Structure formats: structure tokens, C-alpha cells
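Chemist: Chain by chain, the residues run as shown.
There are 2 protein chains.
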Amino acid sequence: MASLVQACPWCYVGKARFEKALAAFPHRDGVEVVHRSFELDPGRARDDVQPVLTMLTAEYGMSEEQARAGEDSLGAQAAAEGLDYRTRGRDHGSTFDMHRLLHLARERSRHEALLDAFYRGSFADERSVFNDDERLVELAVSAGLGEDEARGVLADPAAYADEVRADEREAGRLGATGVPFFVLDRAYGVSGAQPAEVFTRALTRAWGERTPLEPVDGGGAGTCGPHGCAVPQD
Amino acid sequence: MASLVQACPWCYVGKARFEKALAAFPHRDGVEVVHRSFELDPGRARDDVQPVLTMLTAEYGMSEEQARAGEDSLGAQAAAEGLDYRTRGRDHGSTFDMHRLLHLARERSRHEALLDAFYRGSFADERSVFNDDERLVELAVSAGLGEDEARGVLADPAAYADEVRADEREAGRLGATGVPFFVLDRAYGVSGAQPAEVFTRALTRAWGERTPLEPVDGGGAGTCGPHGCAVPQD
Numbered sequence: 012m013a014s015l016v017q018a019c020p021w022c023y024v025g026k027a028r029f030e031k032a033l034a035a036f037p038h039r040d041g042v043e044v045v046h047r048s049f050e051l052d053p054g055r056a057r058d059d060v061q062p063v064l065t066m067l068t069a070e071y072g073m074s075e076e077q078a079r080a081g082e083d084s085l086g087a088q089a090a091a092e093g094l095d096y097r098t099r100g101r102d103h104g105s106t107f108d109m110h111r112l113l114h115l116a117r118e119r120s121r122h123e124a125l126l127d128a129f130y131r132g133s134f135a136d137e138r139s140v141f142n143d144d145e146r147l148v149e150l151a152v153s154a155g156l157g158e159d160e161a162r163g164v165l166a167d168p169a170a171y172a173d174e175v176r177a178d179e180r181e182a183g184r185l186g187a188t189g190v191p192f193f194v195l196d197r198a199y200g201v202s203g204a205q206p207a208e209v210f211t212r213a214l215t216r217a218w219g220e221r222t223p224l225e226p227v228d229g230g231g232a233g234t235c236g237p238h239g240c241a242v243p244q245d
Numbered sequence: 012m013a014s015l016v017q018a019c020p021w022c023y024v025g026k027a028r029f030e031k032a033l034a035a036f037p038h039r040d041g042v043e044v045v046h047r048s049f050e051l052d053p054g055r056a057r058d059d060v061q062p063v064l065t066m067l068t069a070e071y072g073m074s075e076e077q078a079r080a081g082e083d084s085l086g087a088q089a090a091a092e093g094l095d096y097r098t099r100g101r102d103h104g105s106t107f108d109m110h111r112l113l114h115l116a117r118e119r120s121r122h123e124a125l126l127d128a129f130y131r132g133s134f135a136d137e138r139s140v141f142n143d144d145e146r147l148v149e150l151a152v153s154a155g156l157g158e159d160e161a162r163g164v165l166a167d168p169a170a171y172a173d174e175v176r177a178d179e180r181e182a183g184r185l186g187a188t189g190v191p192f193f194v195l196d197r198a199y200g201v202s203g204a205q206p207a208e209v210f211t212r213a214l215t216r217a218w219g220e221r222t223p224l225e226p227v228d229g230g231g232a233g234t235c236g237p238h239g240c241a242v243p244q245d
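These protein sequence lines map, in sequence, to chains H and R.
Going by this note's numbering, the first residue of the first sequence is number 12, and it counts up by one from there.
Going by this note's numbering, the first residue of the second sequence is number 12, and it counts up by one from there.
If we strip away everything but chain H, and leave its shape as in the complex, we get (with noise of 0.2 Å):
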């Protein structure tokens, strides 16, 4: 389970070098992947749209220059993920809609399509993807969404928005304050965009702890199995 978050340039970077370590797990396919809403400014409006620049100095107080070279930091590091990522002219906005949109996704088996779409257009392309739900039909459709129901979502608030306060009470009973956080078997906890060799150590630890069920039992119930179902004796 990996919780990642539109906004957050380190879920980018951090999804990448998870899978480049799942991609040569040798358990990868007894890996089950699942991406969970967080958002990390969750009482922004729809409509709260600023350039990732402004926020960075005028809401976290970094001076211009810290600003641009986080940025190019970032940038390096996408790239050396073969990610595109713009460094200038960003916007930053509420997530909320896109999360939703994952909802629908997940339940049409395109979760993974529209995530990689969203992120490609958070932090690669030059159309914003905030307040603008054209954008956001454009990219459900390139995932393999329907358009009529990506706008059936959109128009509808309530939609999926349920699913999305869940995943975020979930992540807070798990402990996570900040993303990319990715959880395995709940029961280690990665936090941050770790290189992948991390990863692998998390995964390789998960895996080898997996131990036989401990049977919880009464006596005595009926089981169906290849020879028939047993009725117990009373």
C-alpha cells in the first residue's frame, strides 16, 4: 500500500523508485499494490490556484532563491528517475478532485493509468490540471475513463468523497503526516522518497516475516472442502 498525493513532487519521484524496486522483487507477483488518497492541504478551495513558486514563499517563507534551486534539486532527481518535470511555472491547487477521480479509477481498474496521468500532468506537462475540469475530463479519458462518468463525478461533490476522508483517516491511524508513505503488511512503514535499495529492504523483510495463520478455533464447524462439506456432530 502506498499513499501518494497529486501535490507532492516527492510521490513523483518516490513511485518510481518503488517500482523500480518491486520490478525486480523476485515476489513481485505476490506483491498487490494499493494507492490511497491524501491530501495535504485538505481545506484548500476548489479555487485556490498560485503558482508553486508564490506558495513556496509566501506560505513556507522561503526566500525566491531557495525556492528555484528545491526546484532544480527536484528536477535533477526526477530526471535521474526518467521522469519529466517542470521546475518553472508550476501551479499548485486542491487535490480533492483528483482523488475522487482515483475513486472511480480504482473501481474500473484504471487506478494505476490515471495516477501516472495525473502526475505526468502535475509535474510535467504545461496545462494546469487545477480548477479546470476540462483538463481533468482530458486525462480521465487518456487513462481509459468514460467522459460521461469522470463529468458525472465532477458535477456531483459527494462523489467518491467519502472514499477519499476514509483513505486520510486511515493514513492518520497508520501514522502518516506527510507523503509518499507506503505501508507493507502493516507492519513496516517506509516514509519519504527513499531510494529504491530501501525499498527493497522493505519488501524483503515484509516477505520473510510472512508466517503460516495462527487458527483461531472453536470446535467443530462446518467446512466445504474438494470431498464434500462436513457437518459437525452437536
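These are computed hints drawn from the structure, not numbers from a lab.
Misleading hints may appear alongside valid ones.
Claimed, not checked - Residues from chain H that keep clear of chain R, each with C-beta distances beyond 10 Å, as calculated: (1) V24; (2) P37; (3) D136; (4) E225.
Stated by the list, open to error - What follows is a set of in silico ranges between Cβ atoms, one per label pair, in the way DEER data are often shown: (5) R:R216 / H:S74: 50 to 60 Å; (6) R:A91 / H:F36: 40 to 50 Å; (7) H:E75 / R:R39: 44 to 54 Å; (8) H:A166 / R:E123: 39 to 49 Å; (9) R:S120 / H:A166: 15 to 25 Å; (10) R:D58 / H:G230: 37 to 47 Å; (11) R:R221 / H:R39: 18 to 28 Å; (12) R:P226 / H:R39: 16 to 26 Å; (13) H:G230 / R:G72: 19 to 29 Å.
Said to hold, decoys possible - Here chain H is said to cover these stretches of chain R; the calculated rule only asks that three of the stretch's residues, wherever they fall, bring their Cβ under 8 Å from a Cβ of chain H: (14) 210 to 216; (15) 230 to 242.
Note that the coordinates shown come from a computational prediction; the quantities given were computed from them, not determined experimentally.
C-beta atoms are modelled at their ideal positions from N, C-alpha and C, and glycine is treated no differently.
Dock chain R against the given chain H, drawing on the hints supplied.
Modeler: Here is chain R on its own, set in the frame of chain H:
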């Protein structure tokens, strides 16, 4: 996670007992239930349908008296859970197509509804569910699926076949040889239609043993939090 099967009367009864325990469990909102596919007889041909009593006597070597007594006992235990159960005149056959439809239903968030519809169809209704596409479509529509997409799955034997097989391989890895089989947090296994108290004990034990995640860390990884994204110093 619960593994259930349509042709398994103890799964029908066990699901009701598990749900009784879950409804009274104080942390039920934190419990996510996923139903998985498991066929008792995966090699069975689609058109190989026979009366349950014939199967019990011819394939499982019961006397007719034993078979009827077993069905009567199952009927009594089902009734004690408030479930209708026809003890005479039911059919037995391949459940593969039902499992494929259940995977479609999972993507449409109609899984629970379809599972219950198939249970009622299999154990309570007079009309057989086996080798009868029209009946399966009727039940799928009653559970909220689209008629065309249900027909599409039935017309294409490859649709969701891999998903059914993947669930069955996972059941094998977990050591399940019969059903119902309930797995909690990949730590505890409950085999059979145990009394609700046993499920309560298993839920309580699994919940009580949830521990904080152990961090796996390489140091200095980039993360984004409510106050911005930290760029590690190289």
C-alpha cells in the same frame, strides 16, 4: 478478508455468523472486508450439473439417509441465522462464471449485493443458478450491475478468469484447503462456519495486536507535509 464459495452452504451460514460478530465489534468501521474467489471443484465443466443429493451419494459416498440428515442439519443451522435454505431439490455445478461476475461486481462496488444475491439464488430459490446465463444476468441486474456488462462477462470466458485464479493461488499460499476460510490481518485464520463468538475472539485478538509501523529508512529522503516539501541536503 474472507474466502467464500457459492456452492458451499457453510459459506452461506459462516458469512452470516461473521457479519453478526462484525456488527457488534466496537472497531467495525476500521475493518475492511474483501471477499475472494475459491472453487471447491475447479475442474468441473459448466454443463456438469447434478442434484445435490445425487452428488452427495454418488461422489461423496454418503447413504441417502446420511445425505438427507446432513441437509436437514444445515437447514436448521441456516434457519438459526435467519437464512432461507432449501434442503431438497437443489442443484450443484460449476461456480466459475459466478466468481467471474463477482469480480466485475467488485469493480462496480456491487460485490456484497451480488454475493448475497448468488447465495440466495443458490440456497433459497427454486430456480437453479447453474449453467443458466439468463438466471445469472437476472441476479446480476438485481444487484445493480448493468445487463449488457454482465452478458459481456458471461460471453467471454476469459473475462476476470485471471482474477479468479489469482484469488485461488493466494488461498493456497495462505494454506486454505476448504471454505469458508477467513484471514485477519494476514495473521489469523478462521476455518469453517464458526460460531459468532469465535469471530469476535479473532477480531478482538487481531485488533489488539495492531502495532505501530516499524520504520524502514535510508535517511534523508524527500517528503511533503502540510508545511511544504523537504528537499534533503546531498
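Chemist: Are the hints correct? Go through all of them and say.
Modeler: Do the hints match the structure? See the list:
At the 10 Å boundary, the C-beta of H:V24 falls inside the reach of chain R, the nearest C-beta of that chain being 7 Å off. Every beta carbon of chain R lies more than 10 Å from that of H:P37, the smallest distance being close to 15 Å; the non-interface claim holds. Against chain R, the non-interface label of H:D136 holds: every CB pair exceeds 10 Å, the least being about 19 Å. Not every beta carbon of chain R lies more than 10 Å from that of H:E225, the smallest distance being close to 5 Å; the non-interface claim is violated.
Under the hint 50 to 60 Å, the C-beta atoms of R:R216 and H:S74, about 54 Å apart, fit the expected range. A beta carbon spacing of about 47 Å between R:A91 and H:F36 agrees with the range 40 to 50 Å that was offered as a hint. Taking 44 to 54 Å as the suggested C-beta distance range, the pair H:E75 and R:R39 conforms, at roughly 51 Å. Checked against the given bound of 39 to 49 Å, the beta carbons of H:A166 and R:E123, roughly 27 Å apart, lie outside it.
Evaluation of the 15 to 25 Å hint for R:S120 and H:A166 yields a pass: the beta carbon distance comes to about 19 Å. With their beta carbons about 39 Å apart, R:D58 and H:G230 fall inside the hinted range of 37 to 47 Å. With their beta carbons about 26 Å apart, R:R221 and H:R39 fall inside the hinted range of 18 to 28 Å. A beta carbon spacing of about 23 Å between R:P226 and H:R39 agrees with the range 16 to 26 Å that was offered as a hint.
A beta carbon spacing of about 25 Å between H:G230 and R:G72 agrees with the range 19 to 29 Å that was offered as a hint. Check on the region 210 to 216 of chain R: 3 of its residues sit with their Cβ under 8 Å from a Cβ of chain H, so the three-residue criterion for coverage holds. Restraint check on the region 230 to 242 of chain R versus chain H: 10 residues with Cβ-Cβ distances below 8 Å, three needed, restraint holds.
In this structure, the hints that do not hold are numbers 1, 4, 8, in rising order.
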